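A.B. asks: If you want the building blocks of each chain, they are given just below.
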Amino acid sequence: MAAELKVAKTLGRVTVHALTTGMFSRRPVAAQLQDALSTLDIELIWDAPVISGDVVVVHNPSCLRFDTKLPGKIIARHLIAVEHENFLQPTGQEAYDVRACHDLLLHGSLALRRSLAPISDWNRRSIDGWSNTFGQLDGWDKLGLDWFNICDLPLTPPTDVPGDRRGRHSRPGFDKFPPPETMAHCFPEHADHNLILGADALIAADEAPQHWTLVPFRGMAVEDYLRQIDFMVYYTAPTFRESFGRVLAEGIAAGKLVISDAETASTFGGAVIAADPREVNQVIARYVADPASYQRAVRTAQAVLAAFSPEAFQDQIGPYLTGQAALDDAA
Amino acid sequence: MILLCAGKTSERDFDALLLFARTLADQGHQVAIDESSVGFELRKHHKYEAAPFLCAQGEADVTRVIVLSSDGVSEDAQLLLRSLQLDPAVPVHVIGRFPTHQDGLTAMNRVAFASGSPPELVNLSETQPNPLLDTAICPMLTELAAEPTQTEAGPAATLLYLNQETLEADPNILPALGALSHHADIALHILTNAQGKDLIRRSTYSTLSVFAYAELPPATLAGMVDILAVFGSNVPGERVAQLAVNMMGAGKVVIDCTDNSAFEATGAPVIRGHPEPASFENYLISAILPNRIEIGRRAQLSDWMKGHGFSDLAMRLRLETPKDTPKLSKAQTLFFPTNGNGLGHAQRCALVAEALPKGAAPGAFAAFPSCVDMLQSRGFPTLPMAQRTAQHSGEYANDLLNYLRLRQTLRSGDQLVFDGGYVFDSVYRAISELNLSATWIRRGLWQATQVHPTALERERVFDRVIVPQEAFPELNRSYSGGEKLHPVGPIVNAGKLDSKAKTDIRAGLASTFKRESSKLVVTMLGGGMASDRASQLQMLSALMETREDTLHLIVAWPNAVINSGLYAWKNTEVVSTKYAARLAQAADLVISAAGYNSFHEMLYAQVPTIFVPQHAPYLDDQEARARAAADRDVATLVLDHELLLLEREVAAHLDGDKAGTIRAALTKLALPDPGNTDAARIIAEGNLS
Numbered sequence: 001m002a003a004e005l006k007v008a009k010t011l012g013r014v015t016v017h018a019l020t021t022g023m024f025s026r027r028p029v030a031a032q033l034q035d036a037l038s039t040l041d042i043e044l045i046w047d048a049p050v051i052s053g054d055v056v057v058v059h060n061p062s063c064l065r066f067d068t069k070l071p072g073k074i075i076a077r078h079l080i081a082v083e084h085e086n087f088l089q090p091t092g093q094e095a096y097d098v099r100a101c102h103d104l105l106l107h108g109s110l111a112l113r114r115s116l117a118p119i120s121d122w123n124r125r126s127i128d129g130w131s132n133t134f135g136q137l138d139g140w141d142k143l144g145l146d147w148f149n150i151c152d153l154p155l156t157p158p159t160d161v162p163g164d165r166r167g168r169h170s171r172p173g174f175d176k177f178p179p180p181e182t183m184a185h186c187f188p189e190h191a192d193h194n195l196i197l198g199a200d201a202l203i204a205a206d207e208a209p210q211h212w213t214l215v216p217f218r219g220m221a222v223e224d225y226l227r228q229i230d231f232m233v234y235y236t237a238p239t240f241r242e243s244f245g246r247v248l249a250e251g252i253a254a255g256k257l258v259i260s261d262a263e264t265a266s267t268f269g270g271a272v273i274a275a276d277p278r279e280v281n282q283v284i285a286r287y288v289a290d291p292a293s294y295q296r297a298v299r300t301a302q303a304v305l306a307a308f309s310p311e312a313f314q315d316q317i318g319p320y321l322t323g324q325a326a327l328d329d330a331a
Numbered sequence: 001m002i003l004l005c006a007g008k009t010s011e012r013d014f015d016a017l018l019l020f021a022r023t024l025a026d027q028g029h030q031v032a033i034d035e036s037s038v039g040f041e042l043r044k045h046h047k048y049e050a051a052p053f054l055c056a057q058g059e060a061d062v063t064r065v066i067v068l069s070s071d072g073v074s075e076d077a078q079l080l081l082r083s084l085q086l087d088p089a090v091p092v093h094v095i096g097r098f099p100t101h102q103d104g105l106t107a108m109n110r111v112a113f114a115s116g117s118p119p120e121l122v123n124l125s126e127t128q129p130n131p132l133l134d135t136a137i138c139p140m141l142t143e144l145a146a147e148p149t150q151t152e153a154g155p156a157a158t159l160l161y162l163n164q165e166t167l168e169a170d171p172n173i174l175p176a177l178g179a180l181s182h183h184a185d186i187a188l189h190i191l192t193n194a195q196g197k198d199l200i201r202r203s204t205y206s207t208l209s210v211f212a213y214a215e216l217p218p219a220t221l222a223g224m225v226d227i228l229a230v231f232g233s234n235v236p237g238e239r240v241a242q243l244a245v246n247m248m249g250a251g252k253v254v255i256d257c258t259d260n261s262a263f264e265a266t267g268a269p270v271i272r273g274h275p276e277p278a279s280f281e282n283y284l285i286s287a288i289l290p291n292r293i294e295i296g297r298r299a300q301l302s303d304w305m306k307g308h309g310f311s312d313l314a315m316r317l318r319l320e321t322p323k324d325t326p327k328l329s330k331a332q333t334l335f336f337p338t339n340g341n342g343l344g345h346a347q348r349c350a351l352v353a354e355a356l357p358k359g360a361a362p363g364a365f366a367a368f369p370s371c372v373d374m375l376q377s378r379g380f381p382t383l384p385m386a387q388r389t390a391q392h393s394g395e396y397a398n399d400l401l402n403y404l405r406l407r408q409t410l411r412s413g414d415q416l417v418f419d420g421g422y423v424f425d426s427v428y429r430a431i432s433e434l435n436l437s438a439t440w441i442r443r444g445l446w447q448a449t450q451v452h453p454t455a456l457e458r459e460r461v462f463d464r465v466i467v468p469q470e471a472f473p474e475l476n477r478s479y480s481g482g483e484k485l486h487p488v489g490p491i492v493n494a495g496k497l498d499s500k501a502k503t504d505i506r507a508g509l510a511s512t513f514k515r516e517s518s519k520l521v522v523t524m525l526g527g528g529m530a531s532d533r534a535s536q537l538q539m540l541s542a543l544m545e546t547r548e549d550t551l552h553l554i555v556a557w558p559n560a561v562i563n564s565g566l567y568a569w570k571n572t573e574v575v576s577t578k579y580a581a582r583l584a585q586a587a588d589l590v591i592s593a594a595g596y597n598s599f600h601e602m603l604y605a606q607v608p609t610i611f612v613p614q615h616a617p618y619l620d621d622q623e624a625r626a627r628a629a630a631d632r633d634v635a636t637l638v639l640d641h642e643l644l645l646l647e648r649e650v651a652a653h654l655d656g657d658k659a660g661t662i663r664a665a666l667t668k669l670a671l672p673d674p675g676n677t678d679a680a681r682i683i684a685e686g687n688l689s
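From first to last, the protein sequence lines stand for chains E and F.
Here our numbering is used: the first residue of the first sequence is 1, the next is one more, and so on.
Here our numbering is used: the first residue of the second sequence is 1, the next is one more, and so on.
It should be emphasised that the hints constitute simulated quantities derived from the structure, not laboratory data.
No experiment lies behind these values; they were computed from the predicted model shown.
Don't take each hint at face value.
What the hints assert, rightly or not - Once the Cα atoms are required to be at most 20 Å apart in a straight line, the calculated DMTMM-like pairs of lysine to aspartate or glutamate come out as:
no., chain 1, residue 1, chain 2, residue 2
1, F, K514, F, D498
2, E, K142, E, D121
3, F, K8, E, D175
4, F, K8, E, D121
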């Protein structure tokens, strides 16, 4: 959002509102967002009785899951809900009470148009899957493009001498970790280094073998962690999938080769190597044996990140922020 | 095996887990609770209720997982689910009360992320929209019987829930309950909290039958009573709510006497009663008793109960009805004698088991290690039980193990015959939970401090109480009454050796110990757990050392610990034997403790005996028993500190004619007929019933 605000500010007058919700009560504003607001000289307005604009963008409507009403009214020509959470889990289970959250927005707003904005291909598929199962969301259409995360990250060149140094980092939730068997495949004894950041659950479960280095969430700086690995191996619980997978983009930008499951990898258009967990060792061995190939793969992946740049965002999403796209769509 | 998980690690969640585990187990399902679900200090009742279900972490063969998560799904629960590494084919269910769709999804997702399997949800808010307790974690389910299962003959077993506050609110309540307990058509029991039980025990109504709140599981209590009435300001908790559901499902009567009609307000098929306990009797007698079967029938048929029927959940979970365990062709009778180092209770039970009539279920035993050899040598299959030792963690750890062994060995309809003073929790619970036919062999002559309502309250789970009488009538005291009490003659091995057998024994002793002696003295003072008899034994051995014509045997039970100092005496031999009574019959003088068995064996065998009673808080009144014999001049009494008197009495018997005088008096003594056969007959009839 911080990156997005910088783009939006170039396109028109921007106000930023924050809602107190049951899900994120008493949570401080993220430091990156606070910095961006300061830099852009934008005041954060809390729980305004009326939020109005030509275009109102609601980021992550799933945060309303524990609420029964909006704190205020929304008035807009175009109300856009950016769906940072999938509607369905990969198992087909509903991820949250989608209808209730969107109905809150529907009934709490006066708008000419309301649109759902998927953020990735997988996220879009989960919205479609949900609609197929539970029916359309009344009063909402769906944008035809992905409202992607801006990945404006400094690019670090890949190492010349990749070793079998593996790692993963995430929040510590159980959704972020695959079953023990998959973890064992991904972080084997023969690897030179297995570094897992955000491993609170594994530490609590006393699940880890000796050859894993476990660090709790925020137990070390992400930069330090990234310096210790050459391969990021990232799988989640089979019952969960990232809606975007920003953590993978961070790994690519840091000059690492990133491996994940096919669906999670699909967001990044070939920049992430899709592999079954049982194939991970083979993939890593191949790149360790061929450093040139490793460097090529990382650089290619970093080039793909350009598709998630602020410029790309301005090109593709900008017309929706200005309202032009809505007019075009209507025409 | 169904693995049950609590959404949170708390006493309340664990309690709900136990209630639901029992519901599933009663329907024949194999249930496990992972030990990691226990994250707090368990109370005693939790330990007994959990023992049949607890399994070591990761050791259950899990075919299904059920998470009770009305209170949410904690990280501890997620850790457990993750550790299971479930096969994707294993179904996972989340059961709870979820007021909103989102609440259900939150619970499902947390379970899904940790288990790796998408769970199915059972939302009790939909299946049981009007629960007895909104905050209940347990699903409150029961089997809906086809017909009311109340006892139709005899008094109606009536359970009244009143907590301490209710009991204290009106001074007329306890007198009213006391009066009601004497009504011929009512078998009254009180269910209350710990303070309430203490209050009643300290009152003049201390003999009321009182259950503490968690003393027995609700399903067990429901099986024991026909009518439940609940007083107080609300539904008292999940256990009483589950009890009420169990009873209504069984076609029994639940009377809502709460101040705010807490049960009735939910639509549950209860009968409204007046909230004043003191005015309950008339209502119960005139309105409820004549109609109780029909009231129960109507309760079973109510729509409210449909959501509380186990079959409804079984259908939602696609739970297959377990195949019936093949029934044994004949009910078994298991004797469980309590014993420390001695064998008294086991010997008595063996005599009764040997007297069981032809065609009766053959007797088997569950017994402590000290008795196993003796019982097996007499031909009884014997299940070893765990004796309490200092090595156990906690004072009833051994009893928990014994409880499991009894549960594994016994089936509903079997008979458990317990012989002992204090009814262990293992026995109390096994009888009530397995619906066993139960007999308590309870010899009398308790010490005054042992006679109190707490010691006797567990009599209520026994169908029969056999009281072996003492030889002398003044020693027989009645601690309880009623039809289940069966006094029988002394249970004693009354077989007398003829003179040839005695001669053979003495010849055998001469051969074994390679010495001739004209006199045989047998000392069997007991010892070990009860009291230290070292000084008496050493003194007797010293006395015998000057008597070249005397062989002195110190007889101990096998496995008893013998003081090594006793082996130094040349006229004294230490004999570990199961045949003490036979040796004693061959003796010129016996010096014995005055336990029930030894005492009566010596009297019936007419052996001159100096009784040295043992004293311990948990023993019977041996001194009274010995004194009754001494007062009749058929034995001699010496207290354990009267060492000089003991010396004089030994001399009087061996050097004077006291032994002859006593032997002559014993031949004239009229003793009651032994009660072995009567006791065996009563037990056999218990099996038939």
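A.B. asks: Would you list, in rising numerical order, the hints stated earlier that this structure does not obey?
C.D. replies: Violated hints: 1 and 4; rest satisfied.
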